[in-house]
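Trainee: Residue numbers (numbering that gives the first Met the number 0), protein chains in the order written: chain A, 0 to 374; chain B, 0 to 374; chain C, 0 to 374; chain D, 0 to 374.
No lab work stands behind these hints, which were simulated from the structure alone. Values in this document were obtained by computation on a predicted structure and should not be read as measured data. Wrong hints could be hidden among the right ones.
You can't tell identical chains apart in this list, so a pair holds if it fits in one copy or across any two.
As the list claims (entries may be wrong) - With a straight-line Cα cutoff of 25 angstroms, these simulated SDA-like cross-link-like pairs (lysine to any residue) come out: (1) K66 - P100; (2) K66 - G299; (3) K66 - F119; (4) K66 - A26; (5) K66 - Q114; (6) K66 - Q301; (7) K66 - G240; (8) K66 - L28; (9) K66 - G334.
4 protein chains.
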Amino acid sequence: MSTGVWLIGARGSVAVTSMVGATALRAGLAEPLGCVTELPALASPALPGWGSLVFGGHDISDITLEKKVENLVAAGVLPARPAAAVADQLDDLQRELRPVPVAANQLEQARLIAQDIDDFRRRRGLQRVVVVNVSSTEPLFNGDFPTLDDLERAMTASALPSSSVYAYAAFSAGCPFVDFTPSTGARLPALMEMAAAAGLPYAGHDGKTGETLVKSVLAPMFAMRNLRVRTWAGTNLLGGGDGANLADPAARAAKSGSKQRVLRETLGYQPQGSSHIEYVDDIGDFKTAWDLITFSGFLGTQMRMEFSWHGCDSALAAPLILDLARLTAAAHAAGRTGALTDLAFFFKDPIGEVPHALAEQWANLAGFVRGLAND
Amino acid sequence: MSTGVWLIGARGSVAVTSMVGATALRAGLAEPLGCVTELPALASPALPGWGSLVFGGHDISDITLEKKVENLVAAGVLPARPAAAVADQLDDLQRELRPVPVAANQLEQARLIAQDIDDFRRRRGLQRVVVVNVSSTEPLFNGDFPTLDDLERAMTASALPSSSVYAYAAFSAGCPFVDFTPSTGARLPALMEMAAAAGLPYAGHDGKTGETLVKSVLAPMFAMRNLRVRTWAGTNLLGGGDGANLADPAARAAKSGSKQRVLRETLGYQPQGSSHIEYVDDIGDFKTAWDLITFSGFLGTQMRMEFSWHGCDSALAAPLILDLARLTAAAHAAGRTGALTDLAFFFKDPIGEVPHALAEQWANLAGFVRGLAND
Amino acid sequence: MSTGVWLIGARGSVAVTSMVGATALRAGLAEPLGCVTELPALASPALPGWGSLVFGGHDISDITLEKKVENLVAAGVLPARPAAAVADQLDDLQRELRPVPVAANQLEQARLIAQDIDDFRRRRGLQRVVVVNVSSTEPLFNGDFPTLDDLERAMTASALPSSSVYAYAAFSAGCPFVDFTPSTGARLPALMEMAAAAGLPYAGHDGKTGETLVKSVLAPMFAMRNLRVRTWAGTNLLGGGDGANLADPAARAAKSGSKQRVLRETLGYQPQGSSHIEYVDDIGDFKTAWDLITFSGFLGTQMRMEFSWHGCDSALAAPLILDLARLTAAAHAAGRTGALTDLAFFFKDPIGEVPHALAEQWANLAGFVRGLAND
Amino acid sequence: MSTGVWLIGARGSVAVTSMVGATALRAGLAEPLGCVTELPALASPALPGWGSLVFGGHDISDITLEKKVENLVAAGVLPARPAAAVADQLDDLQRELRPVPVAANQLEQARLIAQDIDDFRRRRGLQRVVVVNVSSTEPLFNGDFPTLDDLERAMTASALPSSSVYAYAAFSAGCPFVDFTPSTGARLPALMEMAAAAGLPYAGHDGKTGETLVKSVLAPMFAMRNLRVRTWAGTNLLGGGDGANLADPAARAAKSGSKQRVLRETLGYQPQGSSHIEYVDDIGDFKTAWDLITFSGFLGTQMRMEFSWHGCDSALAAPLILDLARLTAAAHAAGRTGALTDLAFFFKDPIGEVPHALAEQWANLAGFVRGLAND
Ligand SMILES: NC(=O)c1ccc[n+]([C@@H]2O[C@H](COP(=O)([O-])OP(=O)(O)OC[C@H]3O[C@@H](n4cnc5c(N)ncnc54)[C@H](O)[C@@H]3O)[C@@H](O)[C@H]2O)c1
Ligand SMILES: NC(=O)c1ccc[n+]([C@@H]2O[C@H](COP(=O)([O-])OP(=O)(O)OC[C@H]3O[C@@H](n4cnc5c(N)ncnc54)[C@H](O)[C@@H]3O)[C@@H](O)[C@H]2O)c1
Ligand SMILES: NC(=O)c1ccc[n+]([C@@H]2O[C@H](COP(=O)([O-])OP(=O)(O)OC[C@H]3O[C@@H](n4cnc5c(N)ncnc54)[C@H](O)[C@@H]3O)[C@@H](O)[C@H]2O)c1
Ligand SMILES: NC(=O)c1ccc[n+]([C@@H]2O[C@H](COP(=O)([O-])OP(=O)(O)OC[C@H]3O[C@@H](n4cnc5c(N)ncnc54)[C@H](O)[C@@H]3O)[C@@H](O)[C@H]2O)c1
Ligand code: NA
Ligand code: NA
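Please model the complete structure; the sequences and the hints are all you need to start from.
Mentor: In structure tokens:
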């Protein structure tokens, strides 16, 4: 039986690269590079296969998949060949995409969202649907809603960030929820309770695909060698839809926050310097990050390291979306509930008290997959 | 009781930085930055303390420690303050340095070397002496000596690389041997047998202090994310004594070899590109390495990363010499014999079938230290 | 006869490096590296010699020169040897430094400033005094004072930026004025008129010592090759006094503005991207700048270049202060008045309609020096 | 009337990019980016227009233009759109390409080459033909042939490098010769005499498209600021046909030599460090060069700069081929003979005692073009 993947932000770069990529992989048109669940240490019969993933989703935009794919090819995100090969399947994919329902308030809207997801499950005969948020990053949100009552009251006043409305809808529909963005999503006490009550797992936050990924191996290196990092300052230049959205300082604040934690957590102190984000339209999806690290060694000798990372954000994110869908579906099947802290490997700002060093996160992830297989 | 550290190449940059540094640490003049055995996870009562380390060694050069320290301060390797503070102890240190004994052949020379070490042990009332090779890198050597007889015959013909003569002498004197250089050292079957017969541990090869250290965390990152590294090409610009020596293509070959293994071992294949070493006098001990990594991700999208590393080689190496002396002494005390493969963390080209990813090497090292404590 | 150099911000890093450096040069303790008026194409008997420069100045800080020099040595800005060699001349230098006069309003204060300068000239028997502003960068100022009356009215209300008060005082005292900072200084119509009326030359603004210097040769390279620059985005990490001051967004705005002009002026259009400044205390005076340039070539092919610049700001600025003092003094002697547009070579944001390509600025400067010699 | 451009190495990357590009430009499918003769300062009615250039050439390879274009598109050198648009004109272009004539010796071969060129001129009714060498770099050649007799004797013994045979043939056919490679070409006394006797101009050597271009603006910057460059060390990673050829150390030697001159000539001394070339197949035509520059400033303070250049070699070279053809044709029309030293702007290793700073080369080039217009 099949597994549904319901994407919030389904016409965005990450979502479309995921869907087109999964289609190309299924057709044997490309190797599953970037998909970690294909590595021997993580491959497991407990995970649903590529062939069994079925996509759908919501988006506020009505750009056609054809147009979006054309843009992604022009930007060098999608290679021309696999894109051309799946062109005739775009209509099928598109048929499962829904506009965001309009309603009097968020509580009502959540009901309609949940219904869209439920219809999808039934219509396609799916065993389960994993909801994955890959929509635009929201501004930082500071509200707090201790109880479900508080939360629903806020929803009648339409006072919630959208990402949390989607999380509420996912849980109402009995679906696990993965947050690939730094938005609030399921990160409200009442929503976590709701997931627990419904026996549902969730994972997040903020996919780790570039500078922070590198930090998560370099920072432990300095720590393991007892070298004191004095400054770690970085600049991220990016364009694309996500970049345009991050041109808004409020959205950027949410993102920069996520990027800082790994240093403090792996070094045990916060070095000087910050992580700067700048929107440059021309750069598109090929983000360039540059980091400077100054450090002190034996007897205080001063040293330094610089790196630049030139990665295609959507190409790095898309295979992780497929991994997360497979892993979360398997976790649901195995009856796991609550925060999937062993998926910290995938996130810049992982839920829970978890290691931030990539190698430890990897060990935890491998243990998690072995655990699923044993169930 | 005290532990001796006998340095081959005792007037070189690494050796002198180690000795001066240990003296400064003992006097509380500096924090033990760069010393990994000071980290909570590795600190152990099984390891001899700073206070108990006593230094001596051989060198073919007769530069005074005073002059050498002056050079290291001018080059920015040793900060002026701790160097000045230990100035009055340089004579004491110097008293334990010996010229390389002259003899009719290497067998005879080895006997004299062993005797120097033995005199040192007695005179200073040391519990044990760890011999550490930090002398100039030798050209690649291809000879093989299956039996101890073969080896000693070769020594009468003076056909061995010096580093192996020192290893032979160390084992004759009942001392563990650490090879911080890429030279042959104890890496001959007959010498390994000799160590085993004498119940002695040894460790090596080639201290991991710069580009290879970074590779040992970045290569696993690409592997864990299933990203295919296509090219990994690097350039190392370095001056100083070691650099001058590496200007010789034969010595360089030994070094470049060490630098390649980590990629093949952690990625499972050898990417294109090589590791280039160039001698630039002006650069001195502050090596600059630059690496370019190109890699393919989802659907074949091409990406790249660059880093430059500007590290002070001797300042990075010296604290590791102290760590290795402490660890090897403790291993000897605990009765460990043969190759200390759990010390792979320290080496570019570690002995044995061991992991090359830094995090795994760290875990092994931590286990090793815990094991010592339990003995 | 001698030439006075009156420094506004005389206890700051640039000022003190200039004074100590000139003293060391005079004593033959160092080569005049970084001094462009020592190059064959610019050397001229029309310029006053090192030996004839006499320093004085104002500062709001009362840090002793001894302490400041100690800090600059510790930071690696001043090498220890020349600093030690001039230690006994610091008191003499210090005797000519004055606190900023306190007065009821800026008009009165300007009178006292001018008097300090005039006293200096008389006491030291100087032929002329060049006033050079190297004090902290001020926030952007938008006021405008068409006539001298307007200006003096504003001064009675103390509504002017300090730098303009100093320019007014310099002109009142019959002294040329050089603005090495991005502050307003002489850049007010009434002040320019005042200089013209008094037959005085002035030069500025904002010394060109790092990223902008590099831009002034790279941007023309792209232009001369008809390559279209799409993005030029940069990050400047700096600490030190100037850095601390630039941590203030208002001061930073003044500085970032200066850094942008060169691209528009030499390329003929403004590429995407901005120049970001970040204060990092640990970096000190050794600024690190990183720039990314993406460009299109034949048939639209996309290419890129990155550079990082690791320069010591005060060591780059100080020799230019000496050059500017010599050139401006000679211009004054030769009867030049008004904006010295041929000194654009030295500035990020040069006065007047001048070329921004370094090579053209150089040609103009060389012509200017030849012109002085012919007078 | 039309101008012929006869390419030696006509099926190589540079040649094919030039021909396809010129065709696309003619059709208005792209802007003439990278073509310097389109800049206002250099545009001149004395230069033949795009529309009047007619291509032909020799190559030892028989790869079809169709296949070569396909490769260049796949490698990202030629954008897909203009390549597709000119697809139907490839056959026409191909018709003018000739295999390298086989003959008993080089003298005989040169006669046949000249005849091919002459046939081309007649058949296409061309006013003149400029021969441009863009074939593979040859190993360094040290022979010397004082007189034409010596040279022709050597040719009967087939002892000349091919590039010189082509130069001989070009001059025999009454055609100007441009050498875009570091090969010997016209750089033999007897050939220069032959050109002079025939009243023909020639230009070279070795197109300046990457690291050396950047050096030709950065080195003058250091010189103009009186900063002493201590080390300038570089690494060039490149693949493609040219890269494969440069994997041969002998060919590489020719190239590395060209790259060094600019530093000595613009700085007045040779800094430490060398320019390293490494073949990396995966890198293809998108060369990555990295350079480290260390320099001393005021009072000896040490500073550094790094850059990386990621340029598409053929896309940088092709428009220059068109420029050189236009300029050399116009020089021929204007009766210029001998070495066109004012074209130094285009070359790494320009003929004659010429400036190596790009800005001065530009000024000379602009003067040259103005001179042509006045004739
Ligand atoms: N690509 C990466 O490497 C990466 C890494 C970490 C996090 N992320 C996050 O993933 C998200 C998607 O990135 P992207 O590059 O695909 O961005 P994108 O701008 O291309 O796509 C976002 C999509 O979300 C849609 N959207 C916006 N608000 C919505 C709403 N309320 N409901 C439904 N749809 C809505 C937009 O219309 C758009 O189609 C961003 O939040 C980004 O920060 C991406
Ligand atoms: N510094 C690092 O980061 C690092 C890392 C890995 C390996 N190493 C290795 O450590 C060694 C020492 O490096 P260094 O920078 O101190 O070099 P160095 O040149 O400063 O010192 C080497 C010393 O060895 C002495 N020597 C040479 N041959 C000898 C012999 N036969 N017997 C005794 N002494 C002899 C020399 O006289 C010199 O004093 C080198 O082999 C280097 O490759 C260093
Ligand atoms: N160093 C460079 O490369 C460079 C380049 C361009 C411009 N500048 C400019 O030069 C100036 C000096 O730089 P720095 O690094 O020496 O800074 P700094 O902070 O070390 O020195 C500035 C000095 O100015 C003094 N000051 C502040 N306000 C004053 C006032 N109203 N009157 C008199 N003195 C006052 C301060 O007390 C301080 O001593 C800055 O404006 C900087 O932006 C420097
Ligand atoms: N692309 C640049 O930026 C650049 C810059 C400077 C110099 N160059 C030089 O331009 C030349 C061409 O570069 P490319 O990238 O096009 O190389 P390429 O390998 O793609 O093309 C060279 C062509 O020359 C042909 N050839 C080889 N020997 C020949 C001979 N004896 N007669 C006729 N044809 C012959 C080859 O078959 C091939 O088709 C090289 O010498 C290179 O060093 C290129
Ligand atoms: Na870089
Ligand atoms: Na760099």
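Trainee: A separate judgement is required for each hint: does it hold in the structure or not?
Mentor: Against the structure, the hints:
1. K66 - P100: within (23 angstroms within a copy, 52 angstroms between copies)
2. K66 - G299: Classified as between; 21 angstroms across copies, 56 angstroms inside a copy.
3. K66 - F119: So K66 and F119 pass the 25 angstroms test inside one copy only (24 angstroms; across, 47 angstroms).
4. K66 - A26: within (22 angstroms within a copy, 27 angstroms between copies)
5. K66 - Q114: For K66 and Q114, neither the intra-copy (28 angstroms) nor the inter-copy (54 angstroms) Cα distance is at most 25 angstroms.
6. K66 - Q301: between (52 angstroms within a copy, 23 angstroms between copies)
7. K66 - G240: within (14 angstroms within a copy, 37 angstroms between copies)
8. K66 - L28: Both. Shortest intra-copy (21 angstroms) and inter-copy (23 angstroms) distances satisfy the 25 angstroms Cα cut-off.
9. K66 - G334: For K66 and G334, neither the intra-copy (40 angstroms) nor the inter-copy (56 angstroms) Cα distance is at most 25 angstroms.
Of the numbered hints listed earlier, those contradicted by the structure are 5, 9.
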